[in-house]
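Novice: Which chain is which? The protein sequence lines are A and B, in order.
Take the first sequence: its position 47, counted from the start at 1, is 954 in our numbering, and no numbers get skipped.
Take the second sequence: its position 319, counted from the start at 1, is 1226 in our numbering, and no numbers get skipped.
Just so you know, nobody snuck in bad clues.
Where chains are identical, the list cannot tell them apart; a pair therefore holds if satisfied intra-copy or between any two copies.
Derived lysine-lysine pairs resembling DSSO-like cross-links, with alpha carbons at most 27 Å apart:
hint, residue 1, residue 2
1, 1034, 1046
2, 1007, 1152
3, 1152, 1008
Keep in mind that the hints were calculated from the coordinates and are not lab data.
There are 2 protein chains.
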Amino acid sequence: MTLTLISIGLADERDLSLRALEEARSCDALYAELYTTVLDTDVDRLAAAIGKPVKPLPRSAYEESSDALLREAETAKVGVLIGGDALSATTHVSLLIEAKKRGIPTRVIHGSSALTAVAETGLSLYKLGRTVTLPLPEKGPPDTVLRTLGENREHGLHTLVLLDLDTESGDYLTINRAIEALLDAERSEAFGVDTLTVGVARLGWENPDIVAGSPGDLLDHDFDGPPHALVVPGRLHFLEVEALKVIGGCPPEALEGWVPRGEVAVLIVRYGESCRRAVEKLEYAELPSEVSREEVKTLIEHAVRYLEDAEHYAEERRATALASVSYAEGILDALRLLGLVEFEW
Amino acid sequence: MTLTLISIGLADERDLSLRALEEARSCDALYAELYTTVLDTDVDRLAAAIGKPVKPLPRSAYEESSDALLREAETAKVGVLIGGDALSATTHVSLLIEAKKRGIPTRVIHGSSALTAVAETGLSLYKLGRTVTLPLPEKGPPDTVLRTLGENREHGLHTLVLLDLDTESGDYLTINRAIEALLDAERSEAFGVDTLTVGVARLGWENPDIVAGSPGDLLDHDFDGPPHALVVPGRLHFLEVEALKVIGGCPPEALEGWVPRGEVAVLIVRYGESCRRAVEKLEYAELPSEVSREEVKTLIEHAVRYLEDAEHYAEERRATALASVSYAEGILDALRLLGLVEFEW
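Construct all of the structure, not just a fragment, from the sequences and the given hints.
Specialist: Printed below as a string of structure tokens:
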């Protein structure tokens, strides 16, 4: 018959859309998958809102015996209620693919999601880069989060950092625990005490909370219960700056210290400056009789042209700029290593 | 009193959540902003679903006289119904900020959005990079879209390309028109005839359509009415590849031709190869008496070490790799330009 993935939305059964309710009511069997998101509801409240029984789908059953679910969907209308927007987690995409492979008609009813609700911070959704989940400490180090923060910053993009939870044990990361874990990694180029950060709690719930500031500012704030998430902004439009102040109460100091430059941009500036210094300070060595001062001068000018290119392209064509400045560095270093000029890096 | 932004969701009044309905019913005045998204509804149908009159908000009124709206919200409960998830467009964030500045309590009721519904393609939302809107031809060239495609690809991220519409004239971009505009720009490094592309139409509606393939494959397909959007995938997980085949009917050829390498990665390979060729083919020139063959050889070995670094770091530390290979190129070129070695790039 059919498999329908029905989004519950952000908080509770009242986030179900009329379409979701209608679809759920038309199902022969309803299951709820309640382990990937923190919701303010349970199967009984969902069942009451829909007016049909809803069976909880335990995590293991969902991942290992989705086969049973799909077999049921071969002969009945099966609906699976999922927190947030249904396909945000990869697991549910697998279920959809598997159903399609078995020739079972599928449908997805969409709902509200933290991935777009985060726009309540005033940060543009269009500028979100890769999204990551910070794992609970026992599940591993924050390496992927830190790498992603660096990569998104490289392109001036915001990073949404979702915080891990273990619905079985009831353990979950708070904004405070997450900030401490990120600071403890001591990778200040990715996340340090000056990194502008936005803490968001319970987006779409009755009592959402949004605070922007330095990690220290956020540590001083009590965000109350889950779900929590972090957003680390990239380059900011003036409207986003205003939003962080007005909506998130961001102190001006936290904004001033914020330089969202990525590694390529940092290297262009660093190498460019050291090449400029080298060109200014270099002195011609005693030249071999066959090498003219003119030749060396021409080569230095050649390097300087590449430096100028790098400065010109630094904003719009960063890859070209980094290649140019590094090439210039190579030219200058060859002259130095051959003993034709003297300078120190 | 209050200003509440109420998300309509993806398609029509049935995408309103129970929370949205409840909130709308409690408002003293309701407006609908229907010009930023294509919806399959109108003020009358919204009014019927809510059971209260809904006034359309003309575009000019919304942008220029939001002042009137906010003044009304000072003394009454005002609700503004907005397609998709309410804060996806910057305009609505401005309204929220302005209300907060005037001390008007605000609230946002979230709803379904194309930005997460696009997960129905099977592509991971977590790997979405910057999102862009392709403008209607009379509004300008596709430069920003092309630059964004290149940048996202650089980090292996997917790009959601929203397609512009003009609700006043009724003109809108289709997947076909968008693909033609992107191909016409002749910037194949960003979007060319081999670029793996996914066309999505009417996500969250009763009859969504998802097709993955080459631009040519998509041009051959009739996607029917709006709203349309494009997704250009970045690096793909095997589960995403499977999804594109099973959900989007992607032909294997379209996947084989797909190399989601960004500019930095391309430059590392290109420069690395030309340096390797140079080192292999170079011949020592007749050296000045004061320059020993040993010195030149040492410098070539120095360059080769940087080349090896670049190859080593090519995947994980692309910026360092590009800087290394370009530095090596500078060293080799200095030797060539000084007439100490002979080779051609």
